[in-house]
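The whole structure should be built from the sequences, with the hints applied where relevant.
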Amino acid sequence: MDKELEYYFQNKPERVYEIGDRERILKWMASRPRAKTEIKVIGGKDSEVVVVIPTANFERVSRELRKIYSDLTLVFVLSSGPYFNYATSVNHGIQFALKEFHPKWIVVSNDDVLEAENPSKLVEELSTTDRSLVFAKPSSYHTYKVSIIKFNRSYLKVMKNIGKIFRIPPAEVYGSLTLKYGEKLRISKLTVIDSMLKAKKFAGEVVKEVVNGGSFMVINRRIVSDKVFDETFINGYEDVFLSLKHEKDTEIIDYQLREKRGMSLGFDKIRFVRLYVNEVYFNYLMEKSEKM
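Quick note on full-length UniProt numbering: the sequence shown kicks off at 1 and runs consecutively.
Any given hint might turn out to be false.
In silico lysine-lysine, BS3-like type, Cα no more than 27 Å apart, as pairs [as the list claims (entries may be wrong)]:
#1 K121 x K200
#2 K184 x K164
#3 K121 x K269
#4 K40 x K269
#5 K184 x K160
#6 K201 x K227
Calculated from the structure, these hints are not laboratory results.
So this is what it looks like as structure tokens:
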């Protein structure tokens, strides 16, 4: 592992983009250690639908989530620390669930769910579909539209300023970092949540639009291979990449839930400075797919 990049990622993340080029950053991302995971199960009556929940706060969230997902089997994946990797935790939880319970459906849920409709309705809705990915009704944090855009440089300046004035950290950070380092890191496109993008038609060329599962998605076991989520991503974009891969085989069902914003990883600027490394990897993957 590249110890210099790791040090700056943890302490002064913008330095990663100052001193690293694309190849160095990608090599470091792929070679980072992964935090250990521990599985805790709360059994339910229904094992046809199993819920996988990555968390660092089992004692705090388990009781409430047991109420919300009553009768379903819950697989909590405990992990924390600087090497916590969301994709790794989800993959471990999915593999455990398949081995122990053999469900048809694996729900991947964040630990910040505040309320949801009765899980019997979720089970009923899932019984009517065989899609690869199934999403709940849209909200700000799940089942939302994402656009992949080749931004105009002038719009990036607007995006940066709007983000700063209206305190929208992703807009401010992504606008600023792309203006500074986009060319160097070969970031030709940005992945943005539509609800956070003002005047989209002036932003640039929209390369792709996709509905992203986000904090809640249901995975059909038939698409589960060794690793469902790409573990090179660092706590972001793995859900977008999965949604893109299966965009032609998804469905939104009549099921609602509500979450708390940024409970697990926060919503401050430093989070989005760190998240920007995923733009480096995501652009690499898109280039690779275009050449195939």
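These are the hints, each one checked on the structure:
no.	hint	result
1	K121 x K200	violated (36 Å)
2	K184 x K164	holds (24 Å)
3	K121 x K269	violated (38 Å)
4	K40 x K269	violated (32 Å)
5	K184 x K160	holds (19 Å)
6	K201 x K227	violated (36 Å)
The earlier numbered hints that this structure contradicts are 1, 3, 4, 6.
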